[in-house]
Amino acid sequence: MFAAPAPAAPFSPRGPRPAALAHAAAALWLCAATAGCSDPGREAVDASASVDGDASVDRVWPWLAVIDTMGFTRQKPIGVAPGFDLDGKVTTKPEAASCKKLDLTSPDGTPGIDNEFAKLVPLIEQSGIGALEGLIQSTINDGGIMLMMQIDGLDDEVNDPDITLRVRAGKGVPLLGTDGLLIAGQTFQLHQDSPEVQGKGHIAGGVVLAGPFDILLPLVVFGVRYDLDVRGVFVRARLEGRGRLVEGIFGGAVTMASILDIAQKGAADQKNLVELVTAVVGGAGDLDPDPKTGECTKLSAVLAFTSVNGFLFEDTGRSPRPTP
Amino acid sequence: MMGATRERARWGKGATRTAPVALWCRRWIGTLAAALCAAAAGCDAPEEPKAYAALAPPVAAWPRLTREQYKAVVTDVFGDDLALPSQLEPDASIDGMFAVGAAIATVSNRGVELYEDGARGIARQIVEKPGRLGDLLPCGLGSRDACLQALVDRYAPRLWRRPASAEERTRVIAIGQKAGTALGTDADAMEYALAALLQSPHLLYRAEIGEPDPEAKGGLRLTAYELAGKLALVLGGGAPDAELVARAADGTLNDPKVLRLEAERLLKLPTARRAVRAFASQWLHLDGLDGLNKDPTIFKHFSTDLGAAAREETLRLVEWLVFEQDADMRDLITTRTTFVDRRLAAIYDVPAAVEDGFGQVTLPASGVRRGLLGHVSFLASRSHPVSSSATLRGVFIREVLLCEQVPLPPSDLNTSIPEASSTAPTLKERLIAHMLEPSCNGCHSYTDPPGFGLENFDGIGRYRSHDNGALIDPSGTIDGVNFKNAVELSAAIADNPNYRKCLVEKVWAFANNRRPGKGTHGTLERLEDRFGDEGMRLRALLLDVVTDPSFRRLAVAKAAP
Numbered sequence: 001m002f003a004a005p006a007p008a009a010p011f012s013p014r015g016p017r018p019a020a021l022a023h024a025a026a027a028l029w030l031c032a033a034t035a036g037c038s039d040p041g042r043e044a045v046d047a048s049a050s051v052d053g054d055a056s057v058d059r060v061w062p063w064l065a066v067i068d069t070m071g072f073t074r075q076k077p078i079g080v081a082p083g084f085d086l087d088g089k090v091t092t093k094p095e096a097a098s099c100k101k102l103d104l105t106s107p108d109g110t111p112g113i114d115n116e117f118a119k120l121v122p123l124i125e126q127s128g129i130g131a132l133e134g135l136i137q138s139t140i141n142d143g144g145i146m147l148m149m150q151i152d153g154l155d156d157e158v159n160d161p162d163i164t165l166r167v168r169a170g171k172g173v174p175l176l177g178t179d180g181l182l183i184a185g186q187t188f189q190l191h192q193d194s195p196e197v198q199g200k201g202h203i204a205g206g207v208v209l210a211g212p213f214d215i216l217l218p219l220v221v222f223g224v225r226y227d228l229d230v231r232g233v234f235v236r237a238r239l240e241g242r243g244r245l246v247e248g249i250f251g252g253a254v255t256m257a258s259i260l261d262i263a264q265k266g267a268a269d270q271k272n273l274v275e276l277v278t279a280v281v282g283g284a285g286d287l288d289p290d291p292k293t294g295e296c297t298k299l300s301a302v303l304a305f306t307s308v309n310g311f312l313f314e315d316t317g318r319s320p321r322p323t324p
Numbered sequence: 001m002m003g004a005t006r007e008r009a010r011w012g013k014g015a016t017r018t019a020p021v022a023l024w025c026r027r028w029i030g031t032l033a034a035a036l037c038a039a040a041a042g043c044d045a046p047e048e049p050k051a052y053a054a055l056a057p058p059v060a061a062w063p064r065l066t067r068e069q070y071k072a073v074v075t076d077v078f079g080d081d082l083a084l085p086s087q088l089e090p091d092a093s094i095d096g097m098f099a100v101g102a103a104i105a106t107v108s109n110r111g112v113e114l115y116e117d118g119a120r121g122i123a124r125q126i127v128e129k130p131g132r133l134g135d136l137l138p139c140g141l142g143s144r145d146a147c148l149q150a151l152v153d154r155y156a157p158r159l160w161r162r163p164a165s166a167e168e169r170t171r172v173i174a175i176g177q178k179a180g181t182a183l184g185t186d187a188d189a190m191e192y193a194l195a196a197l198l199q200s201p202h203l204l205y206r207a208e209i210g211e212p213d214p215e216a217k218g219g220l221r222l223t224a225y226e227l228a229g230k231l232a233l234v235l236g237g238g239a240p241d242a243e244l245v246a247r248a249a250d251g252t253l254n255d256p257k258v259l260r261l262e263a264e265r266l267l268k269l270p271t272a273r274r275a276v277r278a279f280a281s282q283w284l285h286l287d288g289l290d291g292l293n294k295d296p297t298i299f300k301h302f303s304t305d306l307g308a309a310a311r312e313e314t315l316r317l318v319e320w321l322v323f324e325q326d327a328d329m330r331d332l333i334t335t336r337t338t339f340v341d342r343r344l345a346a347i348y349d350v351p352a353a354v355e356d357g358f359g360q361v362t363l364p365a366s367g368v369r370r371g372l373l374g375h376v377s378f379l380a381s382r383s384h385p386v387s388s389s390a391t392l393r394g395v396f397i398r399e400v401l402l403c404e405q406v407p408l409p410p411s412d413l414n415t416s417i418p419e420a421s422s423t424a425p426t427l428k429e430r431l432i433a434h435m436l437e438p439s440c441n442g443c444h445s446y447t448d449p450p451g452f453g454l455e456n457f458d459g460i461g462r463y464r465s466h467d468n469g470a471l472i473d474p475s476g477t478i479d480g481v482n483f484k485n486a487v488e489l490s491a492a493i494a495d496n497p498n499y500r501k502c503l504v505e506k507v508w509a510f511a512n513n514r515r516p517g518k519g520t521h522g523t524l525e526r527l528e529d530r531f532g533d534e535g536m537r538l539r540a541l542l543l544d545v546v547t548d549p550s551f552r553r554l555a556v557a558k559a560a561p
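In order, the protein sequence lines correspond to chains A and B.
Mapping to the working numbering: the first sequence position 16 is 16, numbers consecutive.
Mapping to the working numbering: the second sequence position 393 is 393, numbers consecutive.
Simulated from the structure, these hints should not be mistaken for laboratory data.
Where hints are given, some of them may not hold.
Stated by the list, open to error - Under the rule of at most 25 Å between Cα atoms (straight-line distance), these lysine to aspartate or glutamate pairs were calculated in the DMTMM-like manner:
| # | chain 1 | residue 1 | chain 2 | residue 2 |
| --- | --- | --- | --- | --- |
| 1 | B | Lys300 | A | Glu247 |
| 2 | A | Lys171 | B | Glu264 |
| 3 | B | Lys300 | A | Asp193 |
| 4 | A | Lys171 | B | Asp349 |
Please read all numbers here as calculations on a predicted model, not as lab measurements.
Only chain A is shown next, with the shape it has when bound in the complex (with noise of 0.2 Å):
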């Protein structure tokens, strides 16, 4: 079920990519509303396992960044948000193919930003579905939402042309700190249907950028699980000691219609969510134009995060629950 998508060609403008983390927006949006949800998705913890076990002697366990805060990115001032140029041109008058959406400029004045989500964020905020973000967070907590990356190839973290960042999904409650957030240097758990993507990024001055990739993350909300399905992703990010990310933005292209799907799957019999969903994000897409309707069938978004450094249990080579 968690098989990668089919590969994305490269990056072109004739392609465009809708954004990604609008499908996981609504997803989260419409399971706040859904309420009573279980949460099948949790493992039972075997209260048996042993006491065994035999880490290597100084082993370089891989560089993990698991994210540990999410938000969206918003414009600021009007016209100004992060992201990245998805479409790769610049829009500044309205066109049919970005549906006469205009672009943005990047906070270092980087034109042709694809953010079309951040416009939205104010409409979102006052519709009453504001929490969304602690929504978001309290996903990311409970392990709803565990995205891990990791740099292999990495020769120097000051600047190195060749990289490769691998992006997965893990399993699991996480540990919490006093903060409320994930504490760093924990061990995590790989989900059974983790992808397995990788995006060729260089790093220079500290800021690693990857993309793009194609990935389908799996996620829990309330217990129900969504698979997010997100094309053409770009990653930017300061690289700290040891693996961490931070002030990093995850950007991409996700379709309208997987976003309505989402939303018909966490509404259940909640019809007017989905009509509120619709009312919000439908017509916002940006991307990808239906040669017969002229609509744009995808929606760019990006989403700010920071990330704590930790550890795999499958890169210990250790079975986290040993058979007993």
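Since chain A is already given, all that's left is putting chain B on it; use the hints.
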């Protein structure tokens, strides 16, 4: 690594790190053979047999069982599915050791009530579970009286660590009969008789009455039953098993050979782990960890269950060293092996071995965390709620690991250390400035330098390279030995002769419920020498301590004037 460490340990006191083969020769072949060995293999010249000061036995103490021992005795006799009293008279502690405090512990009026309530609650559970008393309930011996007699005969030897006397037996049976008559059932009779056994001072106190010692004219030794009870508590942490009771009953336990065999047998039982954990918990002051508290705004890795987990880590390491490795106890200070749950692993920044519970991990060789001094149980408990404390850590090293005395500061002494400044940003530098005050220098120059070596660990035990923005200098000196960091500090402590001496004193005190005194000087010296000869193995030390005459001999109490 363990092998190398063990190799390092096969040295006797005074052997000044000669080859292990020399010690083997001395110990097993004797002086003459050692001389031959020296000629053949380059061994040291034989030494004159060392004379140790004679033992002056202590007077009887009648130590009170600790709460854990009381519960363990009940569990050993009746099973581990009983809900045991959560409240009992608090234990007394001397030098952090409940076993020593037990010798001066009394029972308050409130404590009597707690024991009574506890005993009745336990007795009720026992009779309420069908079949737990076997043929005694329902009574299958013909009469209630016969069953009550059998109850006393069956359980007193393990609960009281001796059979009940005829008078005691009659008294307990009378209690049961009276309850049975008043309340109407055999179960009531059994419940009250059991409650009488369970709240008896004979259970609560370990008797030291003694009998004339044929090997020490005019002296006393523990009776076989007293010896069995003491042995069971020291090597098993609970009640004597049937085999030990039998050795007491046939009177053979006071034969040193039988005593040794029994001690060896007890050390192989699972209950020996409980006893060693009890010793380690008291020795290393782990009981206070439940109340561990840290400023949550500073220490994000803190959680309310961290103290309990930290204690478990240290106890598991001790258990592993003693029972799985039969290791040199210096390894406790220097090993890179430990047992952590996920949170402790996160604090140590190492991958956890298991998702739930504790798993064995090996700390990185390139890191500075080693052994006990790298454990959260030590680092966090010997810190302030908001910061590390080189002083508290140094005091622990001095007092607990090296058995040295650190005087209490005068009550009117200004104990505040200078605030951090641009010239003294780190705790170490502030403490060094503090030491410039003559009234502070005496103690701080003694306690703080070992603590400086651990300044790379913050108040909860996480590694840090900087303190207050400045690079930490973890170097220092302890007893003339320079160290560059925590690794070298740990090695210096492990090799400090006082560490071995101290551990022997602690084990002896734990086993005998007493602080060592003048009369035991020679005994401890001899035990220490043997401990060194035997590779500083705790099981061997326990065996030596419980088979030593000081374990079973008593002084005749002087008559009151």
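Against the structure, the hints:
{"no.": "1", "hint": "Lys300(B) / Glu247(A)", "verdict": "holds (20 Å)"}
{"no.": "2", "hint": "Lys171(A) / Glu264(B)", "verdict": "violated (48 Å)"}
{"no.": "3", "hint": "Lys300(B) / Asp193(A)", "verdict": "violated (31 Å)"}
{"no.": "4", "hint": "Lys171(A) / Asp349(B)", "verdict": "holds (20 Å)"}
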